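S.K.: Chains as they are written, first to last, in this note's numbering: chain A, 254 to 685; chain B, 6 to 235.
Incorrect hints may have been included.
[Unchecked claim] Restricting the straight-line Cα-Cα distance to at most 25 Å, the calculated cross-link-like pairs of lysine to aspartate or glutamate (DMTMM-like) are:
#, chain 1, residue 1, chain 2, residue 2
1, A, 586, B, 198
2, A, 586, B, 217
3, A, 266, B, 149
4, B, 128, B, 183
5, A, 672, A, 584
6, A, 587, B, 91
7, A, 587, B, 189
8, A, 672, B, 91
9, A, 507, A, 470
10, A, 672, B, 175
11, B, 37, A, 680
12, A, 385, A, 297
13, A, 345, A, 496
14, A, 586, B, 73
15, A, 587, B, 175
16, A, 586, B, 183
17, A, 266, B, 162
18, B, 37, A, 677
19, A, 473, A, 382
20, A, 586, B, 149
21, A, 587, B, 206
22, A, 587, B, 218
23, A, 587, B, 99
24, B, 135, B, 149
25, A, 587, B, 217
26, B, 82, A, 394
27, A, 586, B, 89
28, B, 82, B, 198
29, A, 267, B, 162
30, A, 587, B, 230
31, A, 462, A, 394
32, A, 672, B, 189
33, A, 586, B, 162
34, A, 672, B, 198
35, A, 587, B, 29
36, B, 150, B, 198
Don't read these hints as lab results, they were simulated from the structure.
The model shown is predicted, which means the values in this text are computed figures rather than measured ones.
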Amino acid sequence: MNILTIALRNARKKWVRTLLLLLVFSLGVVSIVALSFVSRVVGDGLEKKLVSYGANILVSPKSEKLTVSYGGFALGDMLFDVSYLDEADTVKRIEGIELRKNVSVIAPKLVVMDHVQGAAVAIVGVRFEQEKLLKGFWMVEQGTFPGETPEQAAARQAMAAPMHDAPAHAPAPKDADPKDAKPTAAVHVPAGADALLAGSAAAEKLGLKLGSVVPLDRHKFVVTGILAPTGSEDDNVLLADMDALQRASGHPGKVNFVEVAALCSGCPIDDIVNQISAALPGVEIKTLRGIVEQRMVSVHFVKKLILSVSLVILLTGCSMVGISMLSAVNERKKEIGILRSLGFSRRAVFSIFCAEAAAVGLLAGFVGYLAGYFVSFRILAVLEIEGAGSLPFEPLHLAATALVLAILTSLASLFPAWKAAGIEPSEALVTL
Amino acid sequence: MHEPQIIDAPLLEAIGITKSFTQDGMASQALKGVSLSVAQGEFVSIVGRSGSGKSTFVSVLSTLLMPDAGQVNYNGKDLVRATEAEINAIRHGDFAVIFQFHYLLPYLTALENTLLPFMRSLKPVTRAQKTRAMECLARVGLADKAHRLPGQLSGGEQQRVAIARALVKEARVLFADEPTGSLDSATGATVMELLGQINTEGLAVVMVTHNEEYARLAHRLVRMEDGLVV
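If we strip away everything but chain B, and leave its shape as in the complex, we get:
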């Protein structure tokens, strides 16, 4: 296991999160009062069977989904009650998310996809930001493929571009929802190695996975079942 410096004070804390969905007229409660705290530099794995609520939970933690009740405290602020502008600022600066599917923009090159967080306005991307993006691509081993479109890259390479895009912002928390789910085992291992390296540099990682082997690489393993942490 990697040896990051973990600071005990919670960086991100979820308290009593509940979330319900209605499908075909049937209400189901995905989260039934889940609590979790993540310290700065900590690597937390969330495992559980399909439908246990782990993806819903990480979506709530990463502000992509609002809970019905509960609190998500980050840096002393309850994100559930934050304004949209505050949420946008946190999504842009502090949180980074990677998904099972890379979700790259197919018409932008690997470099441009990596620079995407800096393309939110009419302000042009700076030379420093480009240099940073190239460094991130180099870090995931794709410096030589920076000008290729996603369609010209393999699945593993595309996922690595997504990781580079997450890294470029210098976020404090990385949420990874099944990052190896669509990759073969060799590529999956490479991606996990990358996440481990990133974590050693002080970035907190919250990862959802089915893979117990990968889950055990984390500092802490949280198991979910039926919308609860068990």
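Looking at chain A on its own, in the form it has when it is part of the complex:
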């Protein structure tokens, strides 16, 4: 038993009032927590979708070029020399930036020109693990990804995202229902040769089939897979493993450019670009503004919405606490007089009222957070986006919410508590 007993017992005695305040604040917290969770999942889902459209930052060496045109006839750009980036160093520096956690994929590229059956074609060296993350919409129409077994290919196709997750510009692959995927026969790659993935248009144009051999200088690549049409530049190129292409083209450890996919719900893209620029001086960095700005607008809109709703709810709750406490001060004048006559200081009386409000806030914070957490699952189910992201339960957030609510309700009760502390025993008890 101590001074808090007085506050808590009164809250229990006036249970209807306490329950009402608890309800208002809990509802407020439920709304805020649920909105926050749902917007986070929606944001994550949005990020995932946007990332699946490709990189949003392009890192390339600075190159000297001259645009040639005469008499209105454009001859295109003349490149004075082709520069390369050191792959390991570039990737390491990007990984070393402060906002590393906002970088989801780093995908280096090496482009080598080749002639196949008299036609010029680009062979692009990629890191397939990174590339597949960057281009979630890729589907192998025939064969497998380089380095993939037929079983792995079948499993991947079975788990492939449904069609609505594919980017809008990607046409539906012909006969490419992932549920119907069956292991395809592995293409044998002879010793000394490497696997190659052909874009759909390139394969058609060059007459490439599974097992076709594509020579590059003295090296040989064997087509082990053909991509389903993507509607992107990937349709027109041949894709090889980076290490193999670097060896074959005589550019070991070198790349032409690096694509970076950044998650920007929690940071401005400019900060990432600035940090990459600082880490890679003398390198050209371009952002794909459209995607980035679209992301930022979406995320900012949701954030502003949450902030506005939260403010209204909290202000309403705080007003209710203030009004309720103020009326309680008038009701409890005699109690206050008794406490003061027993030697309770003004500060003690003040803290009784604050503690009562804080107790309501603390409990509302706990109840509201837990309810909000479970309500958000229901909302996600109703919106049919449960799979868009995970909702980890964070005890620290629960404690922080309860603490913030306790502080808020205490602040709301400051004026009534101050009024209570100012009551003299004479005005409450003395009958003159």
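Once you've looked at the hints, dock chain B against the given chain A.
M.R.: Okay, now just chain B, sitting in the frame of chain A:
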């Protein structure tokens, strides 16, 4: 009458107390230079008609009301000029007040109401303080109702809890403003008997009452009229 040990040196002394109030724009002087001294262990009754200023005077003596002028000396200190912290300390340790209405906290049990003086801070009530509170409740005949809420007690029982609350502090002066005013005669007599017993143990009692019979139980009877001791 009880036979307490009265020490002649004044424990509490009021000198030239004046107090005015303004009501509906009309000023009225409730106390017009009242003086009184109370010795340790003395039982003083203050009687007078309604509006004579007796309640105002006991409120000034008990520090619940500050006078316009005059001195209230307690233990060599003028309480009119004391700091708020000093007043709080005296209210907590030395003075106890009971009123016509018990003013118990309705959401605390009889035991908790008795312990209220020890619940001023976050420091929990000690086992010794609980034992003391139970003794006080036993003394007023309410040990078996210690865990009841005030609403479950009769008017007389509630007033006895208020007395137990006054006793628990081991104060030196008990101020009682019409302690029997809202009680029937039998219960009133019980309460008066209790006050008499308390006084015999050395506690000074200053009681305001309308009841001449009860007033005569005191060592000294002070009659007030129109803001003056007559």
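S.K.: Give a verdict on every hint.
M.R.: A quick look at each hint next to the structure:
no.: 1; hint: A:586 with B:198; in the structure: violated (31 Å)
no.: 2; hint: A:586 with B:217; in the structure: violated (32 Å)
no.: 3; hint: A:266 with B:149; in the structure: holds (23 Å)
no.: 4; hint: B:128 with B:183; in the structure: violated (34 Å)
no.: 5; hint: A:672 with A:584; in the structure: holds (12 Å)
no.: 6; hint: A:587 with B:91; in the structure: holds (22 Å)
no.: 7; hint: A:587 with B:189; in the structure: holds (23 Å)
no.: 8; hint: A:672 with B:91; in the structure: holds (22 Å)
no.: 9; hint: A:507 with A:470; in the structure: holds (18 Å)
no.: 10; hint: A:672 with B:175; in the structure: violated (31 Å)
no.: 11; hint: B:37 with A:680; in the structure: holds (21 Å)
no.: 12; hint: A:385 with A:297; in the structure: holds (19 Å)
no.: 13; hint: A:345 with A:496; in the structure: holds (17 Å)
no.: 14; hint: A:586 with B:73; in the structure: holds (24 Å)
no.: 15; hint: A:587 with B:175; in the structure: holds (23 Å)
no.: 16; hint: A:586 with B:183; in the structure: holds (20 Å)
no.: 17; hint: A:266 with B:162; in the structure: holds (21 Å)
no.: 18; hint: B:37 with A:677; in the structure: holds (23 Å)
no.: 19; hint: A:473 with A:382; in the structure: holds (22 Å)
no.: 20; hint: A:586 with B:149; in the structure: violated (30 Å)
no.: 21; hint: A:587 with B:206; in the structure: violated (30 Å)
no.: 22; hint: A:587 with B:218; in the structure: violated (30 Å)
no.: 23; hint: A:587 with B:99; in the structure: holds (21 Å)
no.: 24; hint: B:135 with B:149; in the structure: holds (15 Å)
no.: 25; hint: A:587 with B:217; in the structure: violated (28 Å)
no.: 26; hint: B:82 with A:394; in the structure: violated (100 Å)
no.: 27; hint: A:586 with B:89; in the structure: holds (20 Å)
no.: 28; hint: B:82 with B:198; in the structure: violated (32 Å)
no.: 29; hint: A:267 with B:162; in the structure: holds (24 Å)
no.: 30; hint: A:587 with B:230; in the structure: violated (28 Å)
no.: 31; hint: A:462 with A:394; in the structure: holds (11 Å)
no.: 32; hint: A:672 with B:189; in the structure: violated (37 Å)
no.: 33; hint: A:586 with B:162; in the structure: holds (23 Å)
no.: 34; hint: A:672 with B:198; in the structure: violated (40 Å)
no.: 35; hint: A:587 with B:29; in the structure: holds (23 Å)
no.: 36; hint: B:150 with B:198; in the structure: holds (20 Å)
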